[in-house]
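K.L.:
Chain residues, written in single-letter form:
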Amino acid sequence: MITLQNVSRWYGQVIGLNDVTCEIGPGITALLGMNGAGKTTMMRLITGQLRPTTGALNVLGMDPFSNSNVYRRLGYCPEIDNFYEHNTGRQFVYYLARLAGYEKPGAQERTQKMLQRVGMLERADSPIASYSKGMRQRIKLAQAMLHDPDIILLDEPLNGLDPVGRREFADVLGQYAAQGKTIMISSHILYEVEQMTQSILLLHRGRLLATGDLHVIRSLLDKHPHQVRINTSEPRGLAQKLTSLPNIVSLNFMPEGDAIEVQVREPNSFYESLNRLIIDDNVKVSGFQSPDNNLESVFRYLVEA
Amino acid sequence: MQLYLYGHSLKEMLRMRRFLPWIGVALFTALMGLVWPSLVPESSAAQQYADLSSMLIFRVLALASAIYTTSIVSQEVEQKTIVFLLTRPVTRWKLLAMRYLASVTVVSIVAVMSALLLSAVVFRGHIGDNGLLSGDVKAIVIGAFCYGALFLLVSLLSSRAMIICILFAFGWELSVGNLPGDLAYLTVFSYLQALAQHPATAGGPKAKLLTGDLGTTAITPALGMQVMVITTIAVILLCLWWFSHFEYVPREDAE
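So the sequences go chain by chain: L and X.
Note that this note's numbering has the first sequence beginning at 1, numbered continuously upward.
Note that this note's numbering has the second sequence beginning at 1, numbered continuously upward.
Simulated from the structure, these hints should not be mistaken for laboratory data.
Among the hints, erroneous ones may be present.
Unchecked claim - Just a few of them, taken from the derived set where beta-carbon distance is under 7 Å, the chain L residues facing chain X:
#, residue
1, Thr47
2, Gln49
3, Leu50
4, Ser66
5, Ser68
6, Tyr71
7, Tyr76
8, Pro78
9, Ile80
10, Asn82
11, Arg98
12, Leu99
13, Gly101
Said to hold, decoys possible - DSS-like cross-link-like pairs, simulated, lysine-lysine; straight-line CA separation at most 30 Å:
#, chain 1, residue 1, chain 2, residue 2
14, L, Lys104, X, Lys80
15, X, Lys11, X, Lys80
16, L, Lys104, X, Lys11
17, L, Lys113, X, Lys94
18, X, Lys11, L, Lys113
19, L, Lys104, X, Lys94
Said to hold, decoys possible - These stretches of chain X come out as covered by chain L in the derived footprint (C-beta under 8 Å, 3 or more residues):
#, segment
20, 3 to 10
21, 78 to 88
22, 243 to 249
Where is the CB? At the ideal position from N, CA and C, for every residue including glycine.
Construct all of the structure, not just a fragment, from the sequences and the given hints.
P.N.:
See below:
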C-alpha cells in the first residue's frame with residue numbers, strides 16, 4: 001500500500017529523512033524513533049504534504065503529493081494540537097466530513113457516528129477551546145477515521161489519552177486492522193504500541209534502523225544476548241544443570257532467592273534444552289519470562305548500536 | 001463541495017468577532033462625512049463624497065483586502081490548521097479559489113457598506129442623489145478582486161505577507177500614485193479612480209495628496225477595466241498554480 005524507495009528529504013542543509021526504503025502493508029505498523037528521528041517528516045511525505053528531495057514514494061500506487069485520489073482513501077491524525085478553537089467538536093468534524101466529499105446528511109451521519117466511536121458525543125457541542133488534551137485527541141482521531149479510509153496514519157495519537165481511552169482506541173484500531181486496513185502509528189509510549197502490534201519501523205536520525213517483526217529483529221541482535229528469568233524453588237540445582245548448556249553466556253541469582261536470570265544466545269535452542277531439563281531431570285520451574293524481548297529493549301539496543 | 005467551501009469560508013470571515021471592527025471602520029467614515037463639510041464648506045455634496053471616498057473608502061478597501069486575503073493561507077499555516085485542509089480530497093486550487101472568492105465578497109461588503117454609510121451621511125439620507133455611488137461600487141468590487149489577487153500572491157510567497165501588503169496599501173498606493181510622470185500606472189488605486197470617475201478634488205495640496213490627485217494620468221475607464229481584469233486573472237491563475245505545486249506545512253514543525 002505504501003512504498004518508499006531510497007527516499008530522502010532535506011530541509012535546507014538539514015536532513016529530515018535519509019535514504020529510506022521500506023514497504024508498509026495492511027495491519028498495524030508502529031513508527032518509532034526519538035524526537036527529531038524523522039517520524040513526522042515520514043508521515044508528511046506519505047500524506048503528500050511534502051515531496052521527497054530524492055527517491056520515489058507511492059501510496060496506493062500513486063504519488064501522494066496534493067493528490068485527491070490518495071486523500072479519499074487516507075486518514076491522517078497529525079501530532080499538532082491546533083484547531084479552529086471557536087468551533088465545537090461537532091462543527092469541526094462535520095466541516096472535514098464535508099471536505100471529504102460527503103453531502104449534508106451523510107456528513108451529519110458520519111460525524112455523529114465518529115463522535116460516538118471516540119466517546120465525544122456528550123461534549124461534541126462545546127467549543128474546542130474548552131476541551132482537555134484527551135478530548136482534543138479524540139476529536140483528531142474522529143476526523144482521521146470519518147471517511148472510512150484504507151490507510152490511517154496516526155502521529156502520536158496516544159498523547160493525552162487516559163488508560164481507558166488508550167484501551168478503547170487500541171480496540172478500534174484492532175478492528176480496522178482486522179478489516180485489512182493499513183495503519184501506521186507513531187508513538188513514544190512503547191508499551192502501549194507493543195500491545196497493538198509487533199510490526200515496527202525504527203527511525204534514528206533520519207535513517208531507517210530496522211523494519212519488520214519485533215521478535216525477529218530481537219533475535220537478530222546477536223550483540224545483546226537474550227535475558228531469560230526462570231522462577232524456580234531450586235535455583236542452585238537448576239543453575240548447575242544450566243551451566244552445561246552450550247548457549248549460556250552468563251547466569252545470575254536473583255536476590256529474592258526464587259529465580260535465576262540467564263543470558264543466552266540462540267534463545268530457541270535454549271528453550272528446547274530447558275524443556276528437556278524440566279522433563280528429563282524433573283527440575284521444578286514455576287515460570288519464565290524474557291524481560292528484554294520487548295519493544296523497549298529492542299529500541300534501546302538498536303539506538304545504542 | 002465548492003459551494004459549501006465558499007459558504008463556510010464566508011461564514012468564518014463574517015463571524016462577529018472578525019467583522020465587528022469593520023463596522024467600526026464604516027462608522028468612522030460616516031463620522032468623517034459629518035465633519036468634512038465644516039472643513040471644506042464651499043464644496044458640493046458630490047465633491048465631498050468624492051474626496052472622502054478617495055481618501056477613506058478606497059483605503060479601507062485595500063486594508064480589508066490585506067487583512068482578509070492574507071489570512072486565507074498564512075493564518076492557516078501559522079495556526080498549523082492547514083494540515084487538516086491539505087489532507088482532504090479537495091483539489092488545492094479549488095480550495096484556494098473558493099476562499100479567495102469568499103474574501104473578495106467580504107472585502108466588497110466592508111467597502112460598499114462604508115460607501116453607503118458615507119453616502120447616506122453626506123447626502124443627508126438621499127443616497128439616490130449620489131451619482132458617484134454606482135461607479136464606486138463597481139470600482140470597489142473590481143478593486144477587491146485585484147487587491148485580493150495581489151495580496152494572495154504575496155501571502156503564498158512570503159511569511160510576512162501582512163506587513164508587505166499593508167505597506168503596499170498605504171505606502172506604495174498612496175505615494176506612487178502622486179508622483180509625477182507615468183508611475184501612477186503602477187498603482188491599482190489609479191485604475192480604480194479611473195473606474196470610479198471621481199472629479200478632481202477642489203481642496204489644496206494636502207487634500208490632493210490624500211485623494212491621490214497630485215499625479216497625472218490619462219487612464220480611461222475602459223483602460224482601467226482592462227488592466228484590472230487582465231492583472232487579476234493573470235495573478236490569480238499564478239496563485240492557483242503556485243498553491244497546487246508547492247509545499248505548505250507549519251514552518252516551525254519541520255524536523
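K.L.:
Each hint needs a verdict: does it hold in this structure or not?
P.N.:
Taking the hints in turn, this is what the structure says about them:
Taken as an interface hint, threonine 47 of chain L checks out: its beta carbon lies about 5 Å from the nearest beta carbon of chain X, inside 7 Å. Given the 7 Å rule on beta carbons, the hint for glutamine 49 of chain L holds: about 5 Å separates it from the nearest Cβ of chain X. A distance limit of 7 Å between C-beta atoms decides the matter here; for leucine 50 of chain L the minimum to chain X is near 6 Å, and the interface restraint holds. Look at serine 66 of chain L: its Cβ gets to within about 5 Å of chain X, closer than 7 Å, so that hint holds up.
Evaluation of the serine 68 of chain L hint against chain X yields a held restraint, the C-beta minimum of about 4 Å falling below 7 Å. Taking 7 Å as the C-beta contact cut-off toward chain X, the hint placing tyrosine 71 of chain L at the interface holds, the least distance being around 4 Å. Among the interface hints, the one on tyrosine 76 of chain L holds; its C-beta lies about 5 Å from the nearest C-beta in chain X, closer than the 7 Å criterion. Restraint check, proline 78 of chain L versus chain X: the minimum CB separation of about 5 Å is within 7 Å; hint holds.
This hint holds: isoleucine 80 of chain L has a C-beta 5 Å from the nearest C-beta of chain X, less than the 7 Å allowed. For asparagine 82 of chain L, the interface hint holds, the least distance from its beta-carbon to any beta-carbon of chain X being 4 Å, beneath 7 Å. Using the Cβ-Cβ criterion of 7 Å, the hint placing arginine 98 of chain L at the interface with chain X is satisfied: the shortest such distance is roughly 5 Å. Using the Cβ-Cβ criterion of 7 Å, the hint placing leucine 99 of chain L at the interface with chain X is satisfied: the shortest such distance is roughly 4 Å.
This hint holds: glycine 101 of chain L has a C-beta 6 Å from the nearest C-beta of chain X, less than the 7 Å allowed. Pair hint lysine 104 of chain L plus lysine 80 of chain X holds up; C-alpha atoms about 26 Å apart against a cutoff of 30 Å. A distance of roughly 20 Å separates the Cα atoms of lysine 11 of chain X and lysine 80 of chain X; the hinted pair therefore holds under the 30 Å criterion. A threshold of 30 Å between alpha carbons decides the hint, and for lysine 104 of chain L with lysine 11 of chain X the separation of about 16 Å falls inside it, so the pair holds.
Our distance criterion of 30 Å between C-alpha atoms is met by lysine 113 of chain L and lysine 94 of chain X, whose separation comes to about 28 Å. Between lysine 11 of chain X and lysine 113 of chain L, the direct Cα distance comes to roughly 25 Å. Compliance with the 30 Å bound is thereby established for this hinted pair. Annotation: proposed proximity of lysine 104 of chain L to lysine 94 of chain X holds, straight-line Cα distance about 19 Å (limit 30 Å). A stretch counts as covered by a chain when three or more of its residues have a beta carbon under 8 Å from one of that chain; for the segment 3 to 10 of chain X and chain L the count is 3, and the coverage holds.
Counting residues of the segment 78 to 88 of chain X whose CB lies closer than 8 Å to any CB of chain L gives 9, so the stated coverage by that chain holds, three being the minimum. With 5 residues carrying a beta carbon less than 8 Å from a beta carbon of chain L, the segment 243 to 249 of chain X meets the three-residue requirement, and the given coverage holds.
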